[in-house]
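So the protein sequences, as listed, match chains A and B.
Just so you know, this note's numbering puts 109 at position 109 of the first sequence, and the rest follows in order with no gaps.
Just so we're on the same page, this note's numbering is the position in the second sequence counted from 1, plus 111.
For the record, the hints were derived by calculation from the structure and aren't laboratory data.
We treat Cβ as the ideally placed atom computed from N, Cα and C, and that holds for glycine.
Possibly wrong hints are sitting among the right ones.
Derived lysine to aspartate or glutamate pairs resembling EDC-like cross-links, with alpha carbons at most 16 Å apart [what the hints assert, rightly or not]: (1) A/LYS67 to A/ASP83; (2) A/LYS3 to B/GLU170; (3) B/LYS177 to B/ASP199; (4) B/LYS152 to A/GLU39; (5) A/LYS68 to A/GLU39; (6) B/LYS125 to B/GLU170.
To give an idea of the chain B side of the interface with chain A (calculated C-beta under 10 Å), a few residues [what the hints assert, rightly or not]: (7) CYS124; (8) PHE139; (9) LYS152; (10) SER154; (11) LEU157; (12) THR168; (13) HIS196; (14) SER200; (15) ILE204; (16) CYS205; (17) ARG208; (18) ASP213.
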Amino acid sequence: EDKVVQSPLSLVVHEGDTVTLNCSYEVTNFRSLLWYKQEKKAPTFLFMLTSSGIEKKSGRLSSILDKKELFSILNITATQTGDSAVYLCAVQSGSARQLTFGSGTQLTVLP
Amino acid sequence: GAVVSQHPSWVICKSGTSVKIECRSLDFQATTMFWYRQFPKQSLMLMATSNEGSKATYEQGVEKDKFLINHASLTLSTLTVTSAHPEDSSFYICSAREVGGDPYEQYFGPGTRLTVT
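Could you put the whole structure together from the sequences, leaning on the hints where they help?
Spelled out as structure tokens, the structure:
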């Protein structure tokens, strides 16, 4: 059974702090790893990673994948209150390329 | 581009009734659509994979007779929750993969919040 584990489950920081969110996985027939941000509604896409060691960056957010050790990290620098959300890691696998989601990390950024 | 809509965005129904949720790809065609369920403070759980013109593939533990999925066209999939009970109250989200598009990419709908009283 495919498994995706995120840590920490929740995190409270102050504005300006840097955070690192972790995602480890065990899946058969790995295709890609994706990061999403979920506020009140459906997840919004952040990154898709398919290759090891190549950092993807978007503004203050960045992510990298290690396919040998089966994990990924999502970094957020200079956090803002608007970054408060649940961050979901999902792994795409199999011929149908379905997504298996982790439990998410609830990030709260205090002013 | 790549917008997915869901209707309704929220619904309240009485126990024992059936509810239909629609998932539409607005500006692209989708051979495959996925249905997820999310309980409060939990992650998304894949319920089923829906392919246009064929029967849906359900995940283990999901009752196919209770959660009827129809994917009759390349832009529409429906999920019908039959004989709904309070424990079916949840946030239902669909996603769609574009025909000929990047196989890695899924576009999510805004979700439908179902409350069964």
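**Prompt:** Honestly, which of those hints from before does the structure not fit?
**Reply:** 1, 5, 6, 7, 8, 13 and 14
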